[in-house]
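Chain order of the listed sequences is G and Z.
If you read the first sequence in our numbering, its first letter stands for residue 353, the second for the next number, and so on.
If you read the second sequence in our numbering, its first letter stands for residue 353, the second for the next number, and so on.
These are computed hints drawn from the structure, not numbers from a lab.
Treat the hints with care, since some could be wrong.
[Said to hold, decoys possible] Below, computed lysine to aspartate or glutamate pairings styled on EDC-like, alpha-carbon distance capped at 16 angstroms:
| hint | chain 1 | residue 1 | chain 2 | residue 2 |
| --- | --- | --- | --- | --- |
| 1 | G | K429 | G | D386 |
| 2 | Z | K429 | G | D550 |
| 3 | G | K429 | Z | E445 |
| 4 | Z | K495 | Z | D482 |
| 5 | Z | K356 | Z | E381 |
| 6 | Z | K393 | G | D498 |
| 7 | G | K393 | Z | D498 |
| 8 | G | K545 | G | D498 |
| 9 | G | K429 | Z | E461 |
| 10 | G | K508 | G | E441 |
| 11 | G | K431 | G | E445 |
| 12 | Z | K431 | G | E441 |
| 13 | Z | K531 | Z | D513 |
| 14 | G | K400 | G | D386 |
| 15 | G | K431 | Z | E441 |
| 16 | G | K400 | G | D379 |
| 17 | Z | K429 | Z | E441 |
| 18 | G | K429 | G | E413 |
| 19 | G | K531 | G | D513 |
| 20 | Z | K545 | Z | D498 |
| 21 | Z | K431 | Z | E413 |
| 22 | Z | K429 | Z | E413 |
| 23 | Z | K429 | G | E441 |
| 24 | Z | K429 | Z | D379 |
2 protein chains.
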Amino acid sequence: MVLKLHGLPMSTSTTRVMICLHEKAQDFELIPVDLFSQENKQPAFLAKNPFGKVPVLEDGELTLFESRAINEYLAQKFKDSGHDLIRPENLNECATVKVWMEVESHQYEPTISPIVYQHFVAPLQGKAPDQTVIDQNLEKLGKVLDVYEARLSGTKYLAGDFYSLADLHHLPYTFYFMKTPWASLINDRTHVKAWWDDISCRPAFEKVAQGMTFGDK
Amino acid sequence: MVLKLHGLPMSTSTTRVMICLHEKAQDFELIPVDLFSQENKQPAFLAKNPFGKVPVLEDGELTLFESRAINEYLAQKFKDSGHDLIRPENLNECATVKVWMEVESHQYEPTISPIVYQHFVAPLQGKAPDQTVIDQNLEKLGKVLDVYEARLSGTKYLAGDFYSLADLHHLPYTFYFMKTPWASLINDRTHVKAWWDDISCRPAFEKVAQGMTFGDK
Numbered sequence: 353m354v355l356k357l358h359g360l361p362m363s364t365s366t367t368r369v370m371i372c373l374h375e376k377a378q379d380f381e382l383i384p385v386d387l388f389s390q391e392n393k394q395p396a397f398l399a400k401n402p403f404g405k406v407p408v409l410e411d412g413e414l415t416l417f418e419s420r421a422i423n424e425y426l427a428q429k430f431k432d433s434g435h436d437l438i439r440p441e442n443l444n445e446c447a448t449v450k451v452w453m454e455v456e457s458h459q460y461e462p463t464i465s466p467i468v469y470q471h472f473v474a475p476l477q478g479k480a481p482d483q484t485v486i487d488q489n490l491e492k493l494g495k496v497l498d499v500y501e502a503r504l505s506g507t508k509y510l511a512g513d514f515y516s517l518a519d520l521h522h523l524p525y526t527f528y529f530m531k532t533p534w535a536s537l538i539n540d541r542t543h544v545k546a547w548w549d550d551i552s553c554r555p556a557f558e559k560v561a562q563g564m565t566f567g568d569k
Numbered sequence: 353m354v355l356k357l358h359g360l361p362m363s364t365s366t367t368r369v370m371i372c373l374h375e376k377a378q379d380f381e382l383i384p385v386d387l388f389s390q391e392n393k394q395p396a397f398l399a400k401n402p403f404g405k406v407p408v409l410e411d412g413e414l415t416l417f418e419s420r421a422i423n424e425y426l427a428q429k430f431k432d433s434g435h436d437l438i439r440p441e442n443l444n445e446c447a448t449v450k451v452w453m454e455v456e457s458h459q460y461e462p463t464i465s466p467i468v469y470q471h472f473v474a475p476l477q478g479k480a481p482d483q484t485v486i487d488q489n490l491e492k493l494g495k496v497l498d499v500y501e502a503r504l505s506g507t508k509y510l511a512g513d514f515y516s517l518a519d520l521h522h523l524p525y526t527f528y529f530m531k532t533p534w535a536s537l538i539n540d541r542t543h544v545k546a547w548w549d550d551i552s553c554r555p556a557f558e559k560v561a562q563g564m565t566f567g568d569k
């Protein structure tokens with residue numbers, strides 16, 4: 353039975369799962385959800401995710417939401433297919449992957465997402481980007497990236513010398529961020545830049561990036 | 353070798369780990385971190401967690417931070433001790449635990465924490481609580497709790513008919529929230545109230561709650 357992913361190929365959280373599916377060499381059917389007509393707030397979708405957010409994964413009778421939880425499930429279920437993303441056989445490495453997944457979730461995304469939102473989404477809604485919000489978050493993001501720079505001077509990837517979900521989860525927002533005028537925050541940090549160049553040219557991501565046209569002219 | 357937990361018994365993220373350690377029947381040494389003198393921003397602490405946040409767990413040579421990642425590690429390492437908190441032998445149940453852990457992390461905490469912060473912390477810093485922030489988040493929290501009410505009408509706990517990390521992670525913030533004037537948001541929802549009464553009287557939590565004196569007169 354083919355995996356069904358409900359979402360949008362421009363959405364950061366949907367693409368987070370799509371990249372993982374490609375890394376694990378899994379076929380899937382992408383079922384578009386029309387956010388503009390609020391299809392995600394209708395009963396049929398709310399029955400799959402009561403919070404009304406994309407993505408949702410259906411694997412037979414199992415229905416999952418929250419992109420990072422979906423990816424942990426995929427990484428565990430298909431641990432012997434494609435690239436190993438969570439090191440399930442090594443308790444300490446697996447724990448370190450989880451630590452840096454939480455860093456992405458609680459330190460990185462909360463600072464990078466308002467910048468991407470203000471730069472790309474606010475204008476679509478007829479609002480001027482709030483430069484104060486952008487500036488405050490650029491400062492916070494710089495501090496987070498200083499920690500990444502030190503970390504990545506010792507290991508090739510965030511959780512160690514192996515690519516994992518901890519790295520993968522950074523791809524969608526960073527991809528959009530690199531199209532803003534502030535990409536130097538990444539490019540000016542030697543080890544962060546090398547890490548970004550490495551993870552953003554993996555074939556599993558390149559397949560997905562083609563559809564991430566949000567913000568393009 | 354005894355587990356070392358660096359943190360504070362009033363901190364929500366430190367107590368999240370302490371509760372887990374008690375559930376897993378693990379002895380540990382709590383090493384206080386003096387946040388008031390910014391001990392957490394000094395080199396000795398930053399070497400353990402470069403983001404300067406509590407808690408940090410040391411298990412022999414392994415150093416971990418981010419409370420939810422620490423708890424996943426403890427739940428996996430000590431899966432045969434104390435209460436099973438992540439259902440590691442059942443892939444679908446384990447995935448559902450992760451989904452509701454992410455819900456706590458991305459839907460629940462971001463709405464409940466500003467309320468607790470404004471009510472208890474702002475006055476300590478000489479600021480009046482911002483009632484607009486409180487009201488906005490009470491409205492959002494009510495919507496999240498509506499989903500919980502529906503969910504908990506079908507299963508006894510968030511991930512199923514078993515207590516898990518998904519429930520446990522709610523304890524610290526909800527405990528403080530129940531001391532605010534808005535506890536009716538929990539008490540007026542029948543199934544949420546029954547769930548709260550159940551999870552908040554577990555012995556592992558009662559041991560920790562004694563030290564959660566923040567906001568007491």
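Comparing the hints with the structure gives:
no.: 1; hint: K429/G with D386/G; result: 29 angstroms, violated
no.: 2; hint: K429/Z with D550/G; result: 32 angstroms, violated
no.: 3; hint: K429/G with E445/Z; result: 12 angstroms, holds
no.: 4; hint: K495/Z with D482/Z; result: 21 angstroms, violated
no.: 5; hint: K356/Z with E381/Z; result: 5 angstroms, holds
no.: 6; hint: K393/Z with D498/G; result: 15 angstroms, holds
no.: 7; hint: K393/G with D498/Z; result: 15 angstroms, holds
no.: 8; hint: K545/G with D498/G; result: 12 angstroms, holds
no.: 9; hint: K429/G with E461/Z; result: 28 angstroms, violated
no.: 10; hint: K508/G with E441/G; result: 20 angstroms, violated
no.: 11; hint: K431/G with E445/G; result: 15 angstroms, holds
no.: 12; hint: K431/Z with E441/G; result: 15 angstroms, holds
no.: 13; hint: K531/Z with D513/Z; result: 28 angstroms, violated
no.: 14; hint: K400/G with D386/G; result: 15 angstroms, holds
no.: 15; hint: K431/G with E441/Z; result: 15 angstroms, holds
no.: 16; hint: K400/G with D379/G; result: 21 angstroms, violated
no.: 17; hint: K429/Z with E441/Z; result: 13 angstroms, holds
no.: 18; hint: K429/G with E413/G; result: 15 angstroms, holds
no.: 19; hint: K531/G with D513/G; result: 28 angstroms, violated
no.: 20; hint: K545/Z with D498/Z; result: 12 angstroms, holds
no.: 21; hint: K431/Z with E413/Z; result: 20 angstroms, violated
no.: 22; hint: K429/Z with E413/Z; result: 15 angstroms, holds
no.: 23; hint: K429/Z with E441/G; result: 12 angstroms, holds
no.: 24; hint: K429/Z with D379/Z; result: 14 angstroms, holds
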